[in-house]
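**Q** Combine both chains into one complex, guided by the hints.
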Amino acid sequence: MSVLLAACDNPDRMTTRRILERLRMDSVASQQDLDVRVTSSVAIVSGRVPSRKIEASVLALVAGTDGVLDVINNVTLTDDAIVQSVRAAIASDPLVKDVPVSVVCREGEVTLSSNQTNAAQRDRLVKLTDAIDGVEHVVDAMK
Amino acid sequence: MRSTALALAITCAVLIGAGNEDFGFDPAGWLDPFMYFGYFWHYPDHPPALDHDYKASRLPWILPAYASHALLDTTAATYLLVCLTLCAGGMGLYVLVRDTANDSRAAAAVAVAWTACTGVHGIGGWNYHVLASADYFLVASALAFRSATSSPRTAIMSGVFAAAAVHTHLLFVAFAPLLILTYWSGMAPSHHDWRSFGTYIGLAVVGAFGLTVVLGAVNAGTGGDWLFFVPQILRARHLMTYDEWWLETSVWLPTARYLIIPLAFMMAALPTLCRAGAPRASRVIVIQAWAAFALMCVAQFWRRQATLDHDYLAFPLYPYAFACGGIALSDARFRQDTTVPLLAAAIILMPLLLLMPVALPSSMNAAAAALSLNQPIILGPLLFGLAGVVVFTLTRNGVRLGMFAVWFAVLNAWLAPAPSAYGIQTPGYRRQMLELFREADGLTTAFDPRLDGIKYWFEDEPLPIRSGQLSLGDVFDSYVSTRGWTGNLLGQRSRVRVEELTRADLDAAVCVAVLASPGTSAQRESELQARFDSLGAPLEVVTRRHLKRRDLVFDLVLMKRAGGDRHGPPCLRRPAS
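Chains as they are written, first to last, in this note's numbering: chain A, 945 to 1087; chain B, 62 to 638.
Source of the hints: derived by calculation from the structure; they are not laboratory data.
Since the model is a prediction, treat every value here as computed from it, not as a measurement.
Each hint should be verified, as a subset may be incorrect.
[Claimed, not checked] Some chain B residues flagged as far from chain A (calculated, every beta-carbon gap over 12 Å):
| no. | residue |
| --- | --- |
| 1 | 64 |
| 2 | 113 |
| 3 | 235 |
| 4 | 300 |
| 5 | 305 |
| 6 | 312 |
| 7 | 334 |
| 8 | 444 |
| 9 | 510 |
| 10 | 631 |
[What the hints assert, rightly or not] Residues on chain B that point at chain A, a partial pick, calculated with CB under 10 Å:
| no. | residue |
| --- | --- |
| 11 | 328 |
| 12 | 332 |
| 13 | 506 |
| 14 | 612 |
[Said to hold, decoys possible] Pair ranges (Cβ atoms, derived):
| no. | chain 1 | residue 1 | chain 2 | residue 2 | range |
| --- | --- | --- | --- | --- | --- |
| 15 | A | 981 | B | 597 | 31 to 39 Å |
| 16 | A | 954 | B | 598 | 34 to 42 Å |
| 17 | B | 563 | A | 997 | 25 to 33 Å |
| 18 | A | 1011 | B | 431 | 57 to 65 Å |
| 19 | B | 294 | A | 1071 | 32 to 40 Å |
| 20 | B | 609 | A | 972 | 32 to 40 Å |
| 21 | B | 115 | A | 1071 | 31 to 39 Å |
| 22 | B | 214 | A | 954 | 50 to 58 Å |
| 23 | B | 598 | A | 1071 | 27 to 35 Å |
| 24 | B | 612 | A | 1011 | 18 to 26 Å |
All C-beta atoms, glycine included, are put in the ideal place defined by N, C-alpha and C.
If we strip away everything but chain B, and leave its shape as in the complex, we get (with noise of 0.2 Å):
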């Protein structure tokens, strides 16, 4: 377990070392990551911007990531989360693995895998809530497991990690009965009695209800309400009855490069069910995840609710998903090898680091081109990835370990979702355009501490950085987002146009921040202002800040109504006397 561990924080730290400032960082233009940094920067304040939305339910993932920030520097808390989530699924995937196939080189081998996954990292965003979530979950199962053979301690913590994984992301709980499926296979058969199951459901319910009231306790004595999880319920509701996410199968499945790694990992596990000898725990593993494909399958293409569309909706597969993976590579002969972890770590890490996920992309396009095929995007790999299933599945021993960590490797690297974000030096920005969204958070909140005061104004305009061009449009959103973006923009709308602002759009502001590059800061100023002045509502400048790391730079213009009271925060909404 010393091994695995070592091997996955020296691939987190490859990973994050080797890397450009990418690596670990969510881009411009992307929202929902960005809101939880809201939560990540403000959770005690229950800003109401904020407060309001179903994100804010999920609390074990809001939790720890707001102690991170209360504690450390932006950047050193965003590395820690990135450690911590990639390392805590790795290892709650290498326990169950070991523990359901008897084989920890296996296990190593795909925790590993897991780790070094471009289709783990920053699934829906580094700062989404979804891969916490299959952590939770990964190591609920692994507690579901050992619980049958240990203390009931470790039957309530696999309650907590349970709802832990259930408040994190709500799909989860379709798996609840899956995880009773897993303490099952744990039993010896000899053992099989439905009190030892009643048990082990009331300590884990027990566990789950610990959690949950703890969570309610820390909401509702920091100003929230006790039952937290409502409003995730109502959004889940809402979208049972009609999902606007769900898209037709002819418009996601030629582009759904995510499930390639999940559903070879699951065909190639299926031979472990009629292998003579497999232990019965991991047949009930490939049993799982075909059950999990099933019931995903049954909501996209049955109910019309999207889960398998888009790759982070498809993310609660991966765990059982790659548990298949460490059973279709396990040998119960084998014992355990220190060696295997960290040969697989660097085999797997070596295609990233040699830039692999740039050029193979680039290069099957290049050959789609010169064949005339169709969608070779999703082609190439599928191909690489079934044929990869083929071999490794006929190898044996060592071959096999050494099959698919080649195999792995270059299908992770021709899969990676954000290829600019491997690599030795190359450039980057988004590290930096954090620390620009912590300074400008800082900035606004001394002058709004309630999130609601200031409304945010910007066009789009084009930045020249390192790795190309950047839109301020993209950037200027995802920082609005940290404060729930549409509720604080002015006028309701991203990038509305200066004549179509209303004088209602002011009223319903205490300030209005312009956003713009420094050659057009000014000039953006004095058009808000005339607008602002034909329409009867002058208005005069608080600040004017110039936030700037390394080549991405803008300006922050601060305004407010003319006269009024100067005392207190500026912006501050004040309750209607």
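The following block holds chain A by itself, in its conformation from the complex (with noise of 0.2 Å):
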């Protein structure tokens, strides 16, 4: 019996009821796209959140639950922020800012398009893409 009360009276599945909680009750936090799993008093907070200020406020919210001792931070900027920063990046750099370039972003992977560059434009793309926090790839399809 004492094992089947253990079985569902588990620890972990109450502190992720907590942390749900939680971030629901948070004005910013319950508007993100985020999942959370708690193994053995680790919280897993994995999602997709436009700024780094949120995913700074959604671990902390996360780290001071009740039965969490460690946070793992598996959030990443979404798509849109990312593209958003590869933009802006590029709009301030003198050797790029007047080229048309295309910049599309999947889950991390940054696409640059354009036919009217040269080698040393493109190379710089690419470096100031890759250095953009979020950015885990780099695909170039310039010309």
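**A** Structure, rendered in structure tokens:
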């Protein structure tokens, strides 16, 4: 019987419920697409958020929940946020700011497309993009 | 059949309920049974530390156990597997003996004996593959016998279970010809023909092939290889050229207590060969048992391959030997009696609950010491076993069953390999240890999902518990076995001293986990940090955990090199860019 009771009264499951409730009550965190799993009091948070500021506030909420001893951060930036950051970086660089380039991001992989670039510009665009927070891989489809 | 199933279930329930927390759980220091927990908990992830080992081939054991642990809490899953493995073999044995000897009373008595046998309990470890393979073989044998008079589906299912036995323990491939003999013994003498033989073999092969394809598909579908069985075959090929486990006869024979019950059963069944009126199928079972033993003797004594020199290696003999026990007890004139299995269960369980497993060996040792006898451990039960065989062979009817139950009850308690696992309210620690392991597994898997980033470091130290003193080094060895053991030990060695660790040892790790008692963990952590500081690789703490269940307690400190990416699991081994 004690074994069955222990199985029903799983502390990690209760901690997960507490975290989800906390995130639901927060006006910003409740708007995000997040997944939380707790194992042996380690909370693993996954999902995509539009900024690092929101990521930090989500992680702080999770870390401050009763029953959480460690937090593993698998949160990444949304594709829209990454595209905006890439465009901003390009716009502020004198060598490439006037180059017409299309920026597409899918789950952290950014594809740069253009047919009006030279070798130096392509090299700079790839380097600029690669340095952006949240970019996992850059695909160079420029000519 | 219903009363036998009930008796087997009651036997399991009594052993689990009345015994201590050791019953059904493996002891500290054992490695292989704990390695199976790596598969039970992480099979679909195919962690590299476990996936390349030949044990990963044993899918008919790994998959049901994985399902149990995925659906249930670790403790509940363990008890479920204990009950299933004990009862499945008992039921297979019951059907085999009932059908071949035409005596359901004898079949029920020997099925209860199987489920209550201390040599069957946790053979090679409760989570080891051997008992499951014997269960599959017993069911395959029962179905093979029935195939001769049943639908083609029975023949297919006998092939399925035979393949399950072979995939779980490759040694059973050597017994495949014996299964065909079982089918032959089930045929009416007037129906012996090659066509029936061919049909049976064809259907059984279809079943065996079907199961193999299904297992291969499951393995490939989860990211493993289609040819999941190859590592086990390669391992067997290696052992056939040089078997490092083989022992000289003078080393193992004087302590081979695990052979007493099977050989006693096989000797007791020998008169069946010349008993008038004995069913032909009974005689075939006796011949099969001795043929299986002969095969194992050839391997052991001539080919120098370990088959009889360890209890878990000799265990494939048990299915036929216990069937012989049923044959020896059988008398076709008697009909089903529902009280027999329940009475047999009560008699066989009594000595275990009266703590005879502990009392008998110690009193025997004392007597042997007083008489200046050598090898008292095997001599006493051996003489008792042989005397019992003579007595219950000479008796008849209900007296024989009663004699058998009492004789087996005492011998069974006497031969218990793990006396501390039986008895009422005796202290244990193994259940708590497994629960701690599961908690540590969840923790370290969160930080290291592929189970190859954390390398564990510990030294040995004693931990006082209710039943005496426990070696924490043994506890940690068992835990790291759930991660493949040596491959995930810092420095690739157990209990390596801190001054022996090198920079290369650290380079092989993404994180280092220090395992220690609460009293020494701070000191061990400092020692390790100082060591790697001196080697130019400072470490920083990722997390510290205090893990405790009743009086079993240890600390786990997770460290990694200072700096680095803080996103994602900190100990995940990332592919080199």
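**Q** Would you mind marking each hint as holding or not holding in the structure?
**A** Here's how the hints hold up against the structure:
The beta carbon of residue 64 of chain B is kept farther than 12 Å from every beta carbon of chain A, the shortest such distance being approximately 26 Å. The claim that residue 113 of chain B is not at the interface with chain A holds, since no C-beta of that chain comes within 12 Å of its own (minimum 25 Å). Every beta carbon of chain A lies more than 12 Å from that of residue 235 of chain B, the smallest distance being close to 39 Å; the non-interface claim holds. For residue 300 of chain B, the requirement that its beta carbon stay farther than 12 Å from each beta carbon of chain A is met, with the minimum near 38 Å.
With 12 Å as the threshold on Cβ separation, the claim that residue 305 of chain B sits away from chain A holds: the shortest Cβ distance comes to roughly 37 Å. With a cut of 12 Å on Cβ distances, residue 312 of chain B stays outside the contact zone with chain A, its closest approach being about 41 Å. At the 12 Å boundary, the C-beta of residue 334 of chain B stays outside the reach of chain A, the nearest C-beta of that chain being 48 Å off. Distance check on residue 444 of chain B: its Cβ is at least 42 Å (rounded) from any Cβ of chain A, clearing the 12 Å threshold; non-interface status holds.
At the 12 Å boundary, the C-beta of residue 510 of chain B falls inside the reach of chain A, the nearest C-beta of that chain being 9 Å off. The claim that residue 631 of chain B lies off the interface is violated: its Cβ sits roughly 7 Å from the closest Cβ of chain A, which falls inside the 12 Å cut-off. Restraint check, residue 328 of chain B versus chain A: the minimum CB separation of about 42 Å is more than 10 Å; hint violated. For residue 332 of chain B, the interface hint is violated, the least distance from its beta-carbon to any beta-carbon of chain A being 47 Å, above 10 Å.
Interface hint status for residue 506 of chain B: upheld, as the beta-carbon distance to the closest one in chain A is roughly 7 Å, under 10 Å. Against a cut-off of 10 Å between C-beta atoms, the interface hint on residue 612 of chain B is violated, since the closest Cβ of chain A lies about 17 Å away. About 37 Å separates the C-beta atoms of residue 981 of chain A and residue 597 of chain B, a value consistent with the hinted range of 31 to 39 Å. At about 38 Å, the beta-carbon gap between residue 954 of chain A and residue 598 of chain B stays in the expected band of 34 to 42 Å.
Hint check: residue 563 of chain B to residue 997 of chain A, Cβ distance near 43 Å, so the stated range 25 to 33 Å is violated. A beta carbon spacing of about 60 Å between residue 1011 of chain A and residue 431 of chain B agrees with the range 57 to 65 Å that was offered as a hint. Here the CB-CB span from residue 294 of chain B to residue 1071 of chain A is close to 52 Å, at odds with the stated 32 to 40 Å. The hint said 32 to 40 Å for the Cβ distance between residue 609 of chain B and residue 972 of chain A, and at roughly 38 Å that hint holds.
The given range of 31 to 39 Å is broken by residue 115 of chain B and residue 1071 of chain A, whose C-beta atoms sit roughly 48 Å from each other. In this structure, residue 214 of chain B and residue 954 of chain A break the distance hint of 50 to 58 Å, their C-beta atoms being roughly 41 Å apart. For residue 598 of chain B paired with residue 1071 of chain A, a C-beta distance near 31 Å keeps the hint of 27 to 35 Å intact. For residue 612 of chain B and residue 1011 of chain A, the hinted distance range of 18 to 26 Å is satisfied, since their beta carbons lie about 24 Å from each other.
In the structure shown, a violation is registered for the earlier hints numbered 9, 10, 11, 12, 14, 17, 19, 21 and 22, in ascending order.
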